[in-house]
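Q: Okay, here's what each chain looks like letter by letter:
Number of protein chains: 2
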Amino acid sequence: MKKRKEPYILVTNDDGIDSPGIFALVHALKKLGKVVVAAPDRQQSAVGHALTVSKPLRAISFHRNGEMFGYAINGTPSDSVKLAVSTLLEEKPDLVVSGINHGQNTSINILYSGTVSAATEGMLIGIPSIAVSLASYSLGADCSAAADISVEVSKKVIKNGLPKDTLLNINIPALPKNKIKGIRITRQSDSQWNDHYEKRIDPFGRNYYWFSGEYKVIDKDIETDDAALLAGYVSITPIQFKFTNNDAIAKMKFLEKRK
Amino acid sequence: MKKRKEPYILVTNDDGIDSPGIFALVHALKKLGKVVVAAPDRQQSAVGHALTVSKPLRAISFHRNGEMFGYAINGTPSDSVKLAVSTLLEEKPDLVVSGINHGQNTSINILYSGTVSAATEGMLIGIPSIAVSLASYSLGADCSAAADISVEVSKKVIKNGLPKDTLLNINIPALPKNKIKGIRITRQSDSQWNDHYEKRIDPFGRNYYWFSGEYKVIDKDIETDDAALLAGYVSITPIQFKFTNNDAIAKMKFLEKRK
Numbered sequence: 001m002k003k004r005k006e007p008y009i010l011v012t013n014d015d016g017i018d019s020p021g022i023f024a025l026v027h028a029l030k031k032l033g034k035v036v037v038a039a040p041d042r043q044q045s046a047v048g049h050a051l052t053v054s055k056p057l058r059a060i061s062f063h064r065n066g067e068m069f070g071y072a073i074n075g076t077p078s079d080s081v082k083l084a085v086s087t088l089l090e091e092k093p094d095l096v097v098s099g100i101n102h103g104q105n106t107s108i109n110i111l112y113s114g115t116v117s118a119a120t121e122g123m124l125i126g127i128p129s130i131a132v133s134l135a136s137y138s139l140g141a142d143c144s145a146a147a148d149i150s151v152e153v154s155k156k157v158i159k160n161g162l163p164k165d166t167l168l169n170i171n172i173p174a175l176p177k178n179k180i181k182g183i184r185i186t187r188q189s190d191s192q193w194n195d196h197y198e199k200r201i202d203p204f205g206r207n208y209y210w211f212s213g214e215y216k217v218i219d220k221d222i223e224t225d226d227a228a229l230l231a232g233y234v235s236i237t238p239i240q241f242k243f244t245n246n247d248a249i250a251k252m253k254f255l256e257k258r259k
Numbered sequence: 001m002k003k004r005k006e007p008y009i010l011v012t013n014d015d016g017i018d019s020p021g022i023f024a025l026v027h028a029l030k031k032l033g034k035v036v037v038a039a040p041d042r043q044q045s046a047v048g049h050a051l052t053v054s055k056p057l058r059a060i061s062f063h064r065n066g067e068m069f070g071y072a073i074n075g076t077p078s079d080s081v082k083l084a085v086s087t088l089l090e091e092k093p094d095l096v097v098s099g100i101n102h103g104q105n106t107s108i109n110i111l112y113s114g115t116v117s118a119a120t121e122g123m124l125i126g127i128p129s130i131a132v133s134l135a136s137y138s139l140g141a142d143c144s145a146a147a148d149i150s151v152e153v154s155k156k157v158i159k160n161g162l163p164k165d166t167l168l169n170i171n172i173p174a175l176p177k178n179k180i181k182g183i184r185i186t187r188q189s190d191s192q193w194n195d196h197y198e199k200r201i202d203p204f205g206r207n208y209y210w211f212s213g214e215y216k217v218i219d220k221d222i223e224t225d226d227a228a229l230l231a232g233y234v235s236i237t238p239i240q241f242k243f244t245n246n247d248a249i250a251k252m253k254f255l256e257k258r259k
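Listed in order, the protein sequences are those of chains H and V. Take 1 as the starting number for the first sequence in our numbering and just add one per residue. Take 1 as the starting number for the second sequence in our numbering and just add one per residue.
If you are wondering where the hints come from, they were derived from the structure by calculation, not from laboratory data. Quantities reported herein were computed from a predicted structural model and do not represent experimental measurements. Just to be clear, a hint being listed does not mean it is correct.
What follows is a set of in silico ranges between Cβ atoms, one per label pair, in the way DEER data are often shown [stated by the list, open to error]: (1) V:K55 to H:T87: 56 to 62 Å; (2) H:T87 to V:D142: 36 to 42 Å; (3) V:K259 to H:R206: 21 to 27 Å; (4) V:K259 to H:Y215: 25 to 31 Å; (5) V:I222 to H:W210: 45 to 51 Å.
Taking lysine-lysine and the BS3-like style, the derived pairs with C-alpha atoms no more than 30 Å apart in a straight line are [claimed, not checked]: (6) H:K181 to V:K31; (7) V:K253 to H:K155; (8) V:K253 to H:K257.
Positions of the beta carbon are idealized from the N, C-alpha and C atoms, including for glycine.
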């Protein structure tokens, strides 16, 4: 009988390889199998799906508590997954887990999220992939419930796989585990940022602008990511990157022309 | 009778404010109305939907041929549109046009495209927005046909508007105008990158990795962006950013839990 090997899991993030979130995640996932880490060497929030194409990448061994923790990459979350799977790792992982991000990635934030982009690269390579975010921007937030839930979902995903071209976007409320009400499969909500730029003047009299904004949850439907999270549930949204607005195709036919 | 004012058009790109593509576009769009430019101060390809949130932005007046050409922003295409509309411009534009990009943005490239991301920001702010890319990576490519087509489509979009939460992703073959076969409304194709990293060794004996890859057009259906482009048509895909895979929701219900 062929011996079933233990799962091989690639972990990455966008907060950087030295963040508390990735440490908690790696520690917890070791219960499930062999874990390898490849993550940006510094904070990469809001980089979206950026790829580094105009400068070379490097992968440095990063140590934590005297042990090799993983590869620190001088690039984006997407770079980290691409470089790891194509070049650094000896075999294709069974699962990519990106996180635990410090801050939620719901609604339109998916577009800007480095955490989700890393899982997207895993999915595009054909590996079941999940993105995990904790709804707290504090680097001191307790990641233990989020880590436990990541293990629980990872185990089921390794066993059952995921639908084609689809990854799981998981958002976890910043609550102690016994206060979390459960897990819901949700839709992406239509919440929005009300953003603006604060204009300031530097010591030389020149203008500069700081990005700022408030996040507005509009959609109160419990079947959406933001509402489920606010109600104390873990939100899991199956997401894909199919951009065509099929309903709009017929409406735009008036632009067509043939010679 | 109220006098109808001329359209106010914001132009941006991801190749940088000094690229030939944006110059050709601005020159052509001046036939339609008042044009204002806010674009990255340097090349920003493959930045995706990245936003600059950890450092301040600046907007410098950029001159071309002795005239004020536009605002050069030390950020991404998304930053440029957000900062321009919220802060730099006196009124909300009637249209955002991003381009003319040197290189096509079809299929999965939409995810990584700074050109598309700029139009996405316009769309998210509620402005009809289009992204224009020319299927040639050469900075010396003739942009005149692409500029003419941009004007033609822009005029119709200003008149008719666009479907809600939708932008137009326009790709133009690198052909003289009389060789272009027409305009097709298309779907995003499923083409893919076969990417890899070339490993090299620096003068100090350390490894570094260059991203590289070939683009593979799999989908030959003329109703898709890549195939239409290859056949000599302008491809216009109405795109949106709704990530939920609705078909997968039922399949993932086994992950749900309630207390």
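Q: Each hint needs a verdict: does it hold in this structure or not?
A: We went through each hint and held it up to the structure:
{"no.": "1", "hint": "V:K55 to H:T87: 56 to 62 Å", "in the structure": "violated (30 Å)"}
{"no.": "2", "hint": "H:T87 to V:D142: 36 to 42 Å", "in the structure": "holds (38 Å)"}
{"no.": "3", "hint": "V:K259 to H:R206: 21 to 27 Å", "in the structure": "violated (56 Å)"}
{"no.": "4", "hint": "V:K259 to H:Y215: 25 to 31 Å", "in the structure": "holds (27 Å)"}
{"no.": "5", "hint": "V:I222 to H:W210: 45 to 51 Å", "in the structure": "holds (48 Å)"}
{"no.": "6", "hint": "H:K181 to V:K31", "in the structure": "violated (59 Å)"}
{"no.": "7", "hint": "V:K253 to H:K155", "in the structure": "holds (15 Å)"}
{"no.": "8", "hint": "V:K253 to H:K257", "in the structure": "violated (45 Å)"}
The structure shown violates the earlier hints numbered 1, 3, 6, 8.
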